[in-house]
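Please build the complex by placing chain B on the supplied structure of chain A, with the hints as guidance.
First to last, the sequence lines map onto chains A and B.
Our numbering puts the first sequence at residues 2 to 439.
Our numbering puts the second sequence at residues 4 to 340.
Please keep in mind that the hints were generated in silico from the structure rather than gathered at the bench.
Just so you know, not all the hints are guaranteed correct.
So, partial list: chain B residues that the calculated Cβ filter (under 8 Å) puts toward chain A [said to hold, decoys possible]:
| hint | residue |
| --- | --- |
| 1 | VAL103 |
| 2 | PRO114 |
| 3 | ILE119 |
| 4 | ALA120 |
| 5 | ASN129 |
| 6 | PHE134 |
| 7 | PHE316 |
| 8 | LEU324 |
| 9 | LEU328 |
| 10 | PHE329 |
| 11 | PRO331 |
| 12 | ILE334 |
| 13 | PHE335 |
In silico contact screen, one side only, chain A against chain B (beta carbon under 8 Å); selected entries [unchecked claim]:
| hint | residue |
| --- | --- |
| 14 | GLY56 |
| 15 | THR120 |
| 16 | GLU146 |
| 17 | LEU188 |
| 18 | TYR192 |
| 19 | ALA196 |
| 20 | GLY199 |
| 21 | ILE203 |
| 22 | PHE348 |
| 23 | MET411 |
| 24 | LEU413 |
| 25 | MET416 |
| 26 | LEU424 |
| 27 | ARG425 |
We put the CB at the ideal spot given by N, CA and C, even for glycine.
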Amino acid sequence: MNGALRNVVYFLIMAGLIVAVGQMQSWNVALSIVNLCLISSIMALGVNIQWGYAGLFNVGVMGFAALGGMAAMLISMPPVKEAWAVAGGGTAIGLLIFVSTAVAAVLVYRKLPKGTLRTTIVMAIVILGYVLLRIFFDPTTNTIEKVNPAASGYLGGFGLPILLSWPVGGLLAGAVAWVVGKITLGLRSDYLAIATLGISEIIVAVLKHEDWLTRGVKNVNGLPRPVPYEINLQKAEWFLSLCERLGVDHVTFSSIFVKLCYSLLFLTVLLLILWLSERALRSPWGRMMRAIRDNEVSANAMGKNITARHLQVFVLGSVVVGIAGAMLTTLDGQLTPSSYQPLRFTFLIWVMVIVGGSGNNWGAVLGGFVIWFFWIEAEPMGIWLMNFITSGMAIDNPLRLHLIESAAHMRLMTMGLILLLALRFSPRGLIPERTQQK
Amino acid sequence: MSDPLNAAALLANFVVVPAVAYGSQLALGALGVTLIYGILRFSNFAHGDTMAFGTMFTILFTWWFQSMGISLGPLPTALLALPFAIASCAIFVLLSDRLVYRFYRQQRADPVIFVIASVGVMFVMNGVVRFIIGPDDQNFNDGERFIIKAREFKQMTGLAEGISIKVSQGITVVTMIIVVAALFWFLNKTRTGKSMRAYSDNEDLALLSGINPDRVVMVTWILAAALATIAGTLYGLDKSFKPFTYFQLLLPIFAAAIVGGLGNPLGAIAGGFVIAFSEITVTYAYKKFANYIVPGDWKADGLMQLLSTNYKFAVSFLILLLVLLFRPTGIFKGKSV
Numbered sequence: 002m003n004g005a006l007r008n009v010v011y012f013l014i015m016a017g018l019i020v021a022v023g024q025m026q027s028w029n030v031a032l033s034i035v036n037l038c039l040i041s042s043i044m045a046l047g048v049n050i051q052w053g054y055a056g057l058f059n060v061g062v063m064g065f066a067a068l069g070g071m072a073a074m075l076i077s078m079p080p081v082k083e084a085w086a087v088a089g090g091g092t093a094i095g096l097l098i099f100v101s102t103a104v105a106a107v108l109v110y111r112k113l114p115k116g117t118l119r120t121t122i123v124m125a126i127v128i129l130g131y132v133l134l135r136i137f138f139d140p141t142t143n144t145i146e147k148v149n150p151a152a153s154g155y156l157g158g159f160g161l162p163i164l165l166s167w168p169v170g171g172l173l174a175g176a177v178a179w180v181v182g183k184i185t186l187g188l189r190s191d192y193l194a195i196a197t198l199g200i201s202e203i204i205v206a207v208l209k210h211e212d213w214l215t216r217g218v219k220n221v222n223g224l225p226r227p228v229p230y231e232i233n234l235q236k237a238e239w240f241l242s243l244c245e246r247l248g249v250d251h252v253t254f255s256s257i258f259v260k261l262c263y264s265l266l267f268l269t270v271l272l273l274i275l276w277l278s279e280r281a282l283r284s285p286w287g288r289m290m291r292a293i294r295d296n297e298v299s300a301n302a303m304g305k306n307i308t309a310r311h312l313q314v315f316v317l318g319s320v321v322v323g324i325a326g327a328m329l330t331t332l333d334g335q336l337t338p339s340s341y342q343p344l345r346f347t348f349l350i351w352v353m354v355i356v357g358g359s360g361n362n363w364g365a366v367l368g369g370f371v372i373w374f375f376w377i378e379a380e381p382m383g384i385w386l387m388n389f390i391t392s393g394m395a396i397d398n399p400l401r402l403h404l405i406e407s408a409a410h411m412r413l414m415t416m417g418l419i420l421l422l423a424l425r426f427s428p429r430g431l432i433p434e435r436t437q438q439k
Numbered sequence: 004m005s006d007p008l009n010a011a012a013l014l015a016n017f018v019v020v021p022a023v024a025y026g027s028q029l030a031l032g033a034l035g036v037t038l039i040y041g042i043l044r045f046s047n048f049a050h051g052d053t054m055a056f057g058t059m060f061t062i063l064f065t066w067w068f069q070s071m072g073i074s075l076g077p078l079p080t081a082l083l084a085l086p087f088a089i090a091s092c093a094i095f096v097l098l099s100d101r102l103v104y105r106f107y108r109q110q111r112a113d114p115v116i117f118v119i120a121s122v123g124v125m126f127v128m129n130g131v132v133r134f135i136i137g138p139d140d141q142n143f144n145d146g147e148r149f150i151i152k153a154r155e156f157k158q159m160t161g162l163a164e165g166i167s168i169k170v171s172q173g174i175t176v177v178t179m180i181i182v183v184a185a186l187f188w189f190l191n192k193t194r195t196g197k198s199m200r201a202y203s204d205n206e207d208l209a210l211l212s213g214i215n216p217d218r219v220v221m222v223t224w225i226l227a228a229a230l231a232t233i234a235g236t237l238y239g240l241d242k243s244f245k246p247f248t249y250f251q252l253l254l255p256i257f258a259a260a261i262v263g264g265l266g267n268p269l270g271a272i273a274g275g276f277v278i279a280f281s282e283i284t285v286t287y288a289y290k291k292f293a294n295y296i297v298p299g300d301w302k303a304d305g306l307m308q309l310l311s312t313n314y315k316f317a318v319s320f321l322i323l324l325l326v327l328l329f330r331p332t333g334i335f336k337g338k339s340v
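Next up, chain A with everything else stripped away, as it sits in the complex (with noise of 0.2 Å):
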């Protein structure tokens, strides 16, 4: 069986198990775990930019996808308009001393000869502009949380379509990328690898405890959809006639409708960046970046700039990471900010980049659909397995009712373990990278 009939038959079982999980289980779970499936797939995708191309290790996946989730956030809710009024000023004095600050310390790195003298000039200005922040913006905020607590206490957002957020997310996503990038790349690679891990951390803080700008832990509910609503649907003509004709139930049709509509919208961004992706690879560029993976030393004697390709790369990798992160929290239709978990967001992707096969985009996209497929489904098989095991075991005994409570756990072992031996006994992947040219 050669190569590429092999790859169709990886996505013909897949599709067949979503088919399967369709006829089983219902056609709504199915197409539930298609949409997380595609958006898992573009995360992947963005990763394996990063370590399929380059070999950059980025352990901050989760902060990406998180700043892409406020993005959705900010770009579709409605300003609310009490916090304005009162607090409209204090937050223009805000923003007017962040922006000088980060003004300033550009203007200065620009400015001045590469040194110590430079990074310390920058670094007090960042500081400074810190300190004035604090003094006059902290009252701001305290004004801004006291508006109707219960229902706001936020700024708002800037109540433009929802989809003008996934760039912008993605916008977002790149340029704190670029900054951990242009600090740590060009150091060894694990140096990387922990400042991701810090700067993801971070993100998701400010998420949680920043009440003004996302309403931290009490969540934002009910961001506009970019899809008809199910009720809406159900009063339509057109579609009970639609329902009519197919002789289906209008209620039960109406949700998987919306779904199939965001599965088309999630599709054509998949398709599109794995199009841009694939051309990419395919180009001088993709070569290069491979060059500069297999052999940073001769990379470098053939004139290539190592740390500024590294830079490039992880800069647009994480750009696709903040628009899957948008795109998520469009589906979610909510910023949750204490669902952003490490093992959700950053491993198991890595875990899909790595199963799927480093350095070959099909890979990754087959990566996100199987590894997601089987997160889900792990913890109905989890329990079912622990009931099984224990099913010799008196009802009420201890040690039986601590295993099926611990089942849930055992998601976090499975993960590592398949990780592991994926990266042992695969470690090309199930589509590995082609590297002859035809």
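Same frame as chain A, now just chain B:
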């Protein structure tokens, strides 16, 4: 009115004492990271969870001893459980080396592959810990609570501010000094320790002089497991044991090891204290302190806190960035492979 004595007592109680204890715990953790880095040449992401793993054994043995009625009187029973926990943790860590890392060592794989493998190990360990002891808080500190109570200190000195020192803080510092002294004695005086340093400095030369690499690696893992278990147990006694907190300790520990220079044991200790003191001084609310120190009737409005405690790990991150910007090899020169 100005009252420097009370201000100093206040600062000692809320900044110096906790920072010394926390710094000792970080230093022990960073020593483990730095040893692994020096000998095996990768950043071990599983170290935080190795700490949780070892501490879990300490807790289990403590419970067992408590159920048999064994205790150390005023000292926590955990100290008695510690050697058994170290042994159990070392066995598991050696097993993980045998099953995971050894293969990549023979392949001479890239350091980044080791890092990814260590992430896998981290998950398995984390899963095992949550599976056995659960994700919740466990408090296993028994025995006396305080060496000096704030009230006694006030009576002794007549100051308005008291200084209290917890038993766990005292134990932390004493243990740290003993462990560090023993470790340095081992690295500098014994044959095995010297061969480890030789292996760390120049692997090829060490191999040529007949040093057995398997033995060096084995001793390194045992030392790392011991350091992780001790650090984790001390942290757990001082605060409380929660698996997720130990995962989050990874960042300050790495920052400490890098600030001191990865691969440099002395640097790891210094780095631990740098991180601990910065974290606590930056997140401490200086309101009361300012009221003591500033003369006149001026009262501070607001907490006068530089950074909210919610962002305490941002401090380690910022220090990490500063070090990477100015001195990528750390304060004490470490390796930069």
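Hints, one by one, checked against the model:
no., hint, result
1, VAL103, "6 Å, holds"
2, PRO114, "6 Å, holds"
3, ILE119, "6 Å, holds"
4, ALA120, "6 Å, holds"
5, ASN129, "5 Å, holds"
6, PHE134, "5 Å, holds"
7, PHE316, "6 Å, holds"
8, LEU324, "6 Å, holds"
9, LEU328, "5 Å, holds"
10, PHE329, "7 Å, holds"
11, PRO331, "5 Å, holds"
12, ILE334, "15 Å, violated"
13, PHE335, "17 Å, violated"
14, GLY56, "7 Å, holds"
15, THR120, "5 Å, holds"
16, GLU146, "14 Å, violated"
17, LEU188, "5 Å, holds"
18, TYR192, "6 Å, holds"
19, ALA196, "7 Å, holds"
20, GLY199, "4 Å, holds"
21, ILE203, "5 Å, holds"
22, PHE348, "6 Å, holds"
23, MET411, "7 Å, holds"
24, LEU413, "4 Å, holds"
25, MET416, "6 Å, holds"
26, LEU424, "6 Å, holds"
27, ARG425, "6 Å, holds"
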